[in-house]
Amino acid sequence: MAKRTRLVWTAAALLPLTVLAAACGSSTTTTTPPSTAKQVGPSLPTSPNKTPETITETGSTLLYPLMGDWTEAYQKQFINSAGAPILTIETGGTGSGTGVTDAATGTVNIGASDAYLSASEKSSYPTMLNIALAISAQQISYNLPGVTTPLKLNGTVLAEIYTGKITKWNDSAIKALNPGVSLPDLAIVPLHRADSSGDTFLFTSYMNAQDSSAWPTSNVGTSISWPTVSGALAETGNGGMVSGCAATKGCIAYIGISYLSKTQAAGLGQAMIENGASQYLAPTASTISAEANALTGKTPADETLSMIDADVSGGYPIVNYEYAIVNTKQTNGTVAEDIRAFLYWAVHTGQSETTYLSAVNFEPLPSSVVALSDNQIAKIGT
Amino acid sequence: MGGAPAAQRDVGGRGQRSAGSWPAVPRRRQVGNVLFWALCLIALALVITPTVWLAGGVLYRAIPNFHWNVLFTRTQPSLSGGLVQPILGTFAITIGAMVIGGVISVLTGLYLSEFASGRHRGVLRGGYEVLAGIPSIVLGFVGYIALVVDLHLGFGLLPAVLVISVLTIPYITKSTETSLSHVPTGYREGAEALGIPQSWAMRKIVLKSALPGMITGFLVAAAIAVGETAPLIYTAYFSDQNPSMHLTHQAVPYLTYVVYYFSALVNPGTQANILSYDAALVLLVLVLLLIILGRIIAARSRRHAE
Amino acid sequence: MIPLLALCFILVVLLVEAIPAIRVNGAQFFYKSVWNPGSFSSTIVTTDGVKHLSGIDFGVLPDIVGTLATSAIALIVGVPISIGAALFIVERLPRRLANGVGVFLELLAGIPSVIIGLWGALTFGPFISQHITPWIARNMPDVPVLDFFRGATGDGEGMLTSGLILAIMIIPIVASTTRDLIRQVPILPREGAIALGMSDAQTARKVTLPWVSSGIVGAVVLGLGRALGETMAVAMTCGVSLGSVATNLYGTMTTISATIVTQLDGALSDGTGFNVRTIAELALVLMVITLAVNVAARLMVRKVSGTALPVGRGV
Chain A
1 MAKRTRLVWT AAALLPLTVL AAACGSSTTT TTPPSTAKQV GPSLPTSPNK TPETITETGS
61 TLLYPLMGDW TEAYQKQFIN SAGAPILTIE TGGTGSGTGV TDAATGTVNI GASDAYLSAS
121 EKSSYPTMLN IALAISAQQI SYNLPGVTTP LKLNGTVLAE IYTGKITKWN DSAIKALNPG
181 VSLPDLAIVP LHRADSSGDT FLFTSYMNAQ DSSAWPTSNV GTSISWPTVS GALAETGNGG
241 MVSGCAATKG CIAYIGISYL SKTQAAGLGQ AMIENGASQY LAPTASTISA EANALTGKTP
301 ADETLSMIDA DVSGGYPIVN YEYAIVNTKQ TNGTVAEDIR AFLYWAVHTG QSETTYLSAV
361 NFEPLPSSVV ALSDNQIAKI GT
Chain B
1 MGGAPAAQRD VGGRGQRSAG SWPAVPRRRQ VGNVLFWALC LIALALVITP TVWLAGGVLY
61 RAIPNFHWNV LFTRTQPSLS GGLVQPILGT FAITIGAMVI GGVISVLTGL YLSEFASGRH
121 RGVLRGGYEV LAGIPSIVLG FVGYIALVVD LHLGFGLLPA VLVISVLTIP YITKSTETSL
181 SHVPTGYREG AEALGIPQSW AMRKIVLKSA LPGMITGFLV AAAIAVGETA PLIYTAYFSD
241 QNPSMHLTHQ AVPYLTYVVY YFSALVNPGT QANILSYDAA LVLLVLVLLL IILGRIIAAR
301 SRRHAE
Chain C
1 MIPLLALCFI LVVLLVEAIP AIRVNGAQFF YKSVWNPGSF SSTIVTTDGV KHLSGIDFGV
61 LPDIVGTLAT SAIALIVGVP ISIGAALFIV ERLPRRLANG VGVFLELLAG IPSVIIGLWG
121 ALTFGPFISQ HITPWIARNM PDVPVLDFFR GATGDGEGML TSGLILAIMI IPIVASTTRD
181 LIRQVPILPR EGAIALGMSD AQTARKVTLP WVSSGIVGAV VLGLGRALGE TMAVAMTCGV
241 SLGSVATNLY GTMTTISATI VTQLDGALSD GTGFNVRTIA ELALVLMVIT LAVNVAARLM
301 VRKVSGTALP VGRGV
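Protein chains in written order, with the working numbering: chain A, 1 to 382; chain B, 1 to 306; chain C, 1 to 315.
Each hint should be verified, as a subset may be incorrect.
[To be verified] Below, computed lysine-lysine pairings styled on DSSO-like, alpha-carbon distance capped at 30 Å:
#: 1; chain 1: A; residue 1: Lys298; chain 2: A; residue 2: Lys379
#: 2; chain 1: A; residue 1: Lys249; chain 2: A; residue 2: Lys76
#: 3; chain 1: C; residue 1: Lys51; chain 2: A; residue 2: Lys329
#: 4; chain 1: A; residue 1: Lys249; chain 2: A; residue 2: Lys298
#: 5; chain 1: A; residue 1: Lys165; chain 2: A; residue 2: Lys175
#: 6; chain 1: C; residue 1: Lys51; chain 2: A; residue 2: Lys165
#: 7; chain 1: A; residue 1: Lys329; chain 2: A; residue 2: Lys152
#: 8; chain 1: A; residue 1: Lys249; chain 2: A; residue 2: Lys152
#: 9; chain 1: C; residue 1: Lys206; chain 2: A; residue 2: Lys122
[Stated by the list, open to error] To be clear about the criterion: a stretch of chain A counts as covered by chain B if any three or more of its residues have a C-beta under 8 Å from a C-beta of chain B, and this derived list gives those stretches:
#: 10; stretch: 83-95
#: 11; stretch: 201-208
#: 12; stretch: 230-238
#: 13; stretch: 257-268
#: 14; stretch: 331-337
Derived from the structure by calculation, the hints contain no laboratory data. Backbone N, C-alpha and C fix where the C-beta goes; we use that ideal spot for every residue, glycine too.
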């Protein structure tokens, strides 16, 4: 990074255009009002600092609507005597990768991500935290007109579909899981995400956890090299997955639970999938919570935990924490305090299902995980 | 052109047979003629159909849910409400690009048309012509790497405006250079004969008569700036705040972002999807207004010249 | 001077960013079909002094092929339509109507690409995949070359949809430039042709079009330049299938610009920064292609007609 910066500066020195840019840049960055850093204590602020301040959030498009709802409520709750919000929070969403990098480089204060930091990200950005904010899940959807019973599928079958070994819906492996269901002689069209996505990470993790010989660990990630399957389609965004699957008879797709109302409206079937306790379950509020609650004890202090395919009776197997990615080294003490206050509010008041979470079908954090998030939030300083 | 002598002989031959009246056109050629124009008409229909389908499709989906207060209501963080901030942001980015890109372009065009000569002119002109060929996503990527990350400007109005300025420079430069070169030499000679200082003549006579052409160039550039998406995603980013005088480290909202990221392709919310089509409608109307304005200015200046 | 400096600045930034990637990715970058940005379990390794994730593998042949193929479809479909329409506008339509159609062309040129992409992804693509392409795929004879038109027709995201969307985007550029050129053809040679007994269709084919051909080449190159670099409309309609070349006309595919805009976010989560460098290398490839097309065309047209190419997208 340092080497690159130096080289670009050399180039910039030759160029009036960038010199102009740099001049404007430095003049505006110095206008931030100076403030003294406050002591970071174990207790967390419950309201924003009185100094008017702006914090920024970017990242996951899955978390974007929830962040928006939280921000709106937070800015209405904490207002000054003139009725204006004390803390201004800017939200935006283009993707988890931007969220992680921009939070690490200080371009934004909070990054939103569907996946925890990878090993390489942790070693590149050692001062970054991933703080759990809510519980999300993923549904496996399919388009099979005439099949009304929810199909049962497991990781091995899914991996064989996505590697092209199973090509028809009436394949003996699918029949064996679904006795009594009349399956059509229809080609399977596997849909996968074209853009980098936390959903791809969850789905490939599930297949790998269920059957590591059918789906190798080297093919688990947010943006992977998909095996070539005849007829397979790539789609951009969860919305693209829903509309693509709705238009393609015989398709199968992995879609974030936030899109439940859309997949239902599109008439897509929702699979019951096998968990680590060999049960076949659909994603419902109770199966998602059951999985999350059973794993609270296993959640480490840094909240880096895969909840995929755990051996939990009654627990849906593709469940994950949604994370705020925050740098413990903020440039400004007041800003750090405001971030702590906002995140504290999000993991307490913001966990109300009826007010915030049910709109995107997320589930609240179990109380012991809230405590872990609190401990991590307290580390945010300067 | 090979057909011409044959046609000549043909005409001569028939001319002898029926002197005094038009020769009968052979059926084959009549059919050929009708067929050719029929194909051309089909081509025209194929140009018009997608435009009507496209604009009509957007209007059809946007208008039933469109309320005027969308223009005066703020975009809520929950991706509902109206479009005030994105509209302001699009205006801020466009105006910024018109100022920075405009000054650079007008000076470059002026230099090219009035002062540069020979090789120098060739190299400079080649420069901006090549600049016009750079894909906008490359400009956006370079903007992100160099301005947002390496120069630590963060997402903001300044990186966005700089990238869009580079995008608009070729159009404004070209129109400035062309309209200056269309100013009759007599104007300049006349001014010189009257002993008017060159700089004064330049401002009051040459630039004034080239102004309508230059304004049309600005409007074309504005239409492009209003409709760009790819170069802005990683420079302006997006936010739900009004654009302000914080030129750096404050993301800027803009309409094309709303069209894509609020659409059913990316976002599950019904309110967000409605806003996406509203933004598309506002963009279409903005572009249409810029085009009509350009037409009116061009028509008025033509009438003026006559 | 600033346009030149901006050009140099863009090239220098891209080169500086891309050089480590060029060294590590090597020649396979241009002939292999793979896009593997590393997995979640990747560790950081060093090759040639450049840090990157383990397991990465980049070969962008599909991106290059896709960029050229969609642009080719756009030209094959768009250019004849544009020229035919331009002829009809000038030779057959009354002046007032011709002006009206002119406004239409300007509007089409001015529609933001993201709106065209939205329409292509939500309306046009699904429409042709339900009503048109299955019929073509069924009735096309199963012989070499033509069998490229057979096979699965997908859900409307793919090469044909992107190519046709690009055709719609270049039509206003080519059509309005051709129209302006035809209007400038002097009346005398055309009257001469009529006097020689040519029908007006023959006059158009044998006198008018050859008269403006070099100008049309210029307009076509402008359109090609736009098609090669177009980002949003293609990214929203091509399906962004990385690492493989489409097996038929309807298959999902990717172009260089679509890969850049959809993969930059994922690349940013690589802490070593190598994946972003790879995207810089890809951007450099795109820039070289578009610049080569541009410069070659300008040299060619200058030689033929002695005039410069028009700048811009014909808005």
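Right, here's what the structure says about each hint:
1. Lys298(A) - Lys379(A): holds, 21 Å
2. Lys249(A) - Lys76(A): violated, 46 Å
3. Lys51(C) - Lys329(A): holds, 25 Å
4. Lys249(A) - Lys298(A): Roughly 41 Å between the alpha carbons, so the hint for Lys249(A) and Lys298(A) is violated.
5. Lys165(A) - Lys175(A): holds, 15 Å
6. Lys51(C) - Lys165(A): violated, 36 Å
7. Lys329(A) - Lys152(A): Given pair Lys329(A), Lys152(A) is violated - Cα atoms ~47 Å apart, limit 30 Å.
8. Lys249(A) - Lys152(A): holds, 18 Å
9. Lys206(C) - Lys122(A): violated, 69 Å
10. 83-95: holds (count 7)
11. 201-208: violated (count 0)
12. 230-238: Result for this restraint: holds, n = 3.
13. 257-268: With 4 residues close enough to chain B, the hint holds.
14. 331-337: violated (count 0)
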